[in-house]
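Numbering of the sequence shown is given in the numbering used here, commencing with residue 1 and proceeding in unit increments.
Hints are computed from structural coordinates only; laboratory data are not their basis. The beta-carbon is built from N, C-alpha and C at its ideal position, and this holds for glycine as well. Any given hint might turn out to be false.
Restraint ranges, calculated between C-beta atoms of paired labels, are given here [said to hold, decoys possible]:
#1 V57 to G5: 31 to 37 Å
#2 Q56 to F76: 29 to 35 Å
#3 Y51 to P160: 33 to 39 Å
#4 P52 to D79: 17 to 23 Å
#5 K172 to N134: 17 to 23 Å
#6 G148 to S126: 31 to 37 Å
Okay, derived cross-link-like pairs now, DSSO-like style, lysine-lysine, Cα gap no bigger than 27 Å in a straight line [what the hints assert, rightly or not]:
#7 K6 to K172
#8 K6 to K120
#9 K120 to K97
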Amino acid sequence: MSIKGKRIAILVEDLYEDPELWYPYYRLLEEGANVTLVGPAAKEYQSKHGYPARAQVAASEVSAEDFDGVVIPGGFAPDRLRRDPAILALVRGLYEKGALVAAICHAAWVPISAGILKGKRATCVSAIKDDVINAGAAYVDEPVVVDGNLVTSRTPADLPAFLPAIIRFLEK
């Protein structure tokens, strides 16, 4: 199977965690996916370490129908992303249509705010474990957890488990 031609959004905002954006970005490109950086606005954002990433499009200009999945990097960007109604609508729309919703580290805040974690199994960085539990999910301390179309992971150290799980899902 192949993910060639699959349309994947990767969310970006200031203070994103560098490897959690760039590792999926280049790995999915390598597999032949069409990857689009999506932010609250079509502009340049800075990572936690000052590395720039330019959102090609604003979330308000796209919809779930434009993508086959979304990857949400961690860092402190998710705390900003979860405040944007268009970001939440995109994530919720993708989830509801059965498309991939992948979140790593602090990125679990976005599915929490999108209201899609209740009744799911999920993981995240330990710092927001209580948030995941309070959102109604069953927290699991594993490198990657797949529950339906939701793929979650804990930290950058888990990227080698996170990306294969994402790719396997997209190959369906």
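Consistency of the hints with the structure:
{"no.": "1", "hint": "V57 to G5: 31 to 37 Å", "verdict": "violated (18 Å)"}
{"no.": "2", "hint": "Q56 to F76: 29 to 35 Å", "verdict": "violated (22 Å)"}
{"no.": "3", "hint": "Y51 to P160: 33 to 39 Å", "verdict": "violated (21 Å)"}
{"no.": "4", "hint": "P52 to D79: 17 to 23 Å", "verdict": "holds (20 Å)"}
{"no.": "5", "hint": "K172 to N134: 17 to 23 Å", "verdict": "violated (31 Å)"}
{"no.": "6", "hint": "G148 to S126: 31 to 37 Å", "verdict": "violated (23 Å)"}
{"no.": "7", "hint": "K6 to K172", "verdict": "holds (11 Å)"}
{"no.": "8", "hint": "K6 to K120", "verdict": "holds (25 Å)"}
{"no.": "9", "hint": "K120 to K97", "verdict": "holds (16 Å)"}
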